[in-house]
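Protein chains: 2
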Amino acid sequence: MRALEERITREGKVLEGNVLKLGSFLNQSIDTAFTAEMASEVVSLFAGERITKVLTVESSGIAFGFAIAEKLGVPLVFAKKSHASNQSGDVLSAKIHSYTHGNDYTATVGAEYLSAGDSVLIADDFLATGEALHGLMKIIELAGASLAGCAIQVEKSFQNGGDELRRAGVHVESLAIIDSMSPEEGVRFRP
Amino acid sequence: MRALEERITREGKVLEGNVLKLGSFLNQSIDTAFTAEMASEVVSLFAGERITKVLTVESSGIAFGFAIAEKLGVPLVFAKKSHASNQSGDVLSAKIHSYTHGNDYTATVGAEYLSAGDSVLIADDFLATGEALHGLMKIIELAGASLAGCAIQVEKSFQNGGDELRRAGVHVESLAIIDSMSPEEGVRFRP
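Chains as they are written, first to last, in our numbering: chain A, 525 to 715; chain B, 525 to 715.
Bound-form chain A, shown alone (with noise of 0.2 angstroms):
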């Protein structure tokens, strides 16, 4: 998508170690028209494709999730980062390690929220390595649902984790595939 990669050469910082900044439009203050477009963006790209729920983890991936599931008439699910006293009853749940936080922690979904008549958009901001992307696949898989794709605003490629799931035939959409990047010669795309 040409606007998102003109918005990341703008606006975007690259940091050391294959972090890019985006807070200005899509991490911390979230351009709302913006994300919109994108959001049918996703719609026009998985037109055709039978989706009864949109599936992210939070925090970063709702704004844009809820924009897309609220354009497909669908509810938006969101992976809890950690247990809160307001879940209870069983949950399905996968450990993820997060690249952008350096830790691990295990992403839980109360199981009442997705059943095995499903078919789920997983949608988050950033695909690097595939860790999230993974854990939310083996989500859906507990819950005996079946995956639709997955919707990404920027993968990042040379981090593999995006060809890795295309390879093993899942239907995964990037509107901006970064080929590399550093702090010295800034962001280029794949062409």
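Hints may contain errors.
[Unchecked claim] Anything over 12 angstroms on all C-beta distances counts as not near chain B; from chain A, calculated:
#1 530
#2 545
#3 557
#4 568
#5 571
#6 577
#7 598
#8 619
#9 625
#10 641
#11 653
#12 704
#13 706
#14 710
[Said to hold, decoys possible] Mimicking BS3-like on lysine-lysine, the simulated pairs with C-alpha atoms at most 30 angstroms apart in a straight line are:
#15 A:662 to B:545
#16 B:537 to A:662
#17 B:619 to A:537
#18 A:545 to B:619
#19 B:662 to A:545
#20 A:595 to B:595
#21 A:595 to B:545
#22 A:545 to A:619
#23 A:537 to B:595
#24 A:545 to B:595
#25 B:595 to A:619
#26 B:537 to A:595
#27 A:662 to A:595
#28 B:619 to B:662
#29 A:619 to B:619
#30 A:537 to B:662
#31 A:619 to B:537
None of these hints come from the bench; they were simulated from the model.
By construction, the Cβ of each residue, glycine as well, lies at the ideal position given by its N, Cα and C atoms.
Please build the complex by placing chain B on the supplied structure of chain A, with the hints as guidance.
Leaving out everything else, chain B in the frame of chain A:
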């Protein structure tokens, strides 16, 4: 908002310790169309107020905050509960006690995302003792911005946070106000 009260009565589960579980439409699995309706109600309740940004804290306020901000045509800014590698530079921070999780955390917002000219609407899912709102109000104050008001989905009036803020002159609008609740008797709303 009558539709929200009905939904809470029908689907809410009151757990021990003043915990109300609304995972089926408001927290874990988010009814996106209904969230958009609630956001429209907020927009009409704050009609005439100047609002340049909506502020929430991750993660359960993000969907509601996003829906409001999108309708207002302004950015959604969310405070983070932990420091991530994609945050850099100056941050505005406030310590907040979480009633749901039973711990303290530091909420942070990148200093570049709120500024002195902003008039900020705070959005959150629950209002109980008001700890989270006070933390977000402190962040707005640190930014030199002004507070337009607080939009809440569910207020537990018996924990007093909402009425204390109203007495202090803050424009607080809660779409449902619960005067009492218990696992045995369920939920009673403010008449």
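Checked hints:
| no. | hint | result |
| --- | --- | --- |
| 1 | 530 | holds, 18 angstroms |
| 2 | 545 | violated, 5 angstroms |
| 3 | 557 | violated, 7 angstroms |
| 4 | 568 | holds, 18 angstroms |
| 5 | 571 | holds, 18 angstroms |
| 6 | 577 | violated, 8 angstroms |
| 7 | 598 | violated, 7 angstroms |
| 8 | 619 | holds, 18 angstroms |
| 9 | 625 | violated, 6 angstroms |
| 10 | 641 | holds, 14 angstroms |
| 11 | 653 | holds, 14 angstroms |
| 12 | 704 | holds, 18 angstroms |
| 13 | 706 | holds, 16 angstroms |
| 14 | 710 | holds, 16 angstroms |
| 15 | A:662 to B:545 | holds, 25 angstroms |
| 16 | B:537 to A:662 | holds, 28 angstroms |
| 17 | B:619 to A:537 | holds, 28 angstroms |
| 18 | A:545 to B:619 | holds, 24 angstroms |
| 19 | B:662 to A:545 | holds, 25 angstroms |
| 20 | A:595 to B:595 | holds, 14 angstroms |
| 21 | A:595 to B:545 | holds, 26 angstroms |
| 22 | A:545 to A:619 | holds, 25 angstroms |
| 23 | A:537 to B:595 | holds, 29 angstroms |
| 24 | A:545 to B:595 | holds, 26 angstroms |
| 25 | B:595 to A:619 | violated, 36 angstroms |
| 26 | B:537 to A:595 | holds, 29 angstroms |
| 27 | A:662 to A:595 | holds, 25 angstroms |
| 28 | B:619 to B:662 | holds, 9 angstroms |
| 29 | A:619 to B:619 | holds, 28 angstroms |
| 30 | A:537 to B:662 | holds, 28 angstroms |
| 31 | A:619 to B:537 | holds, 28 angstroms |
Violated hints, listed in ascending order, are 2, 3, 6, 7, 9, 25; each of the other numbered hints is respected by the structure.
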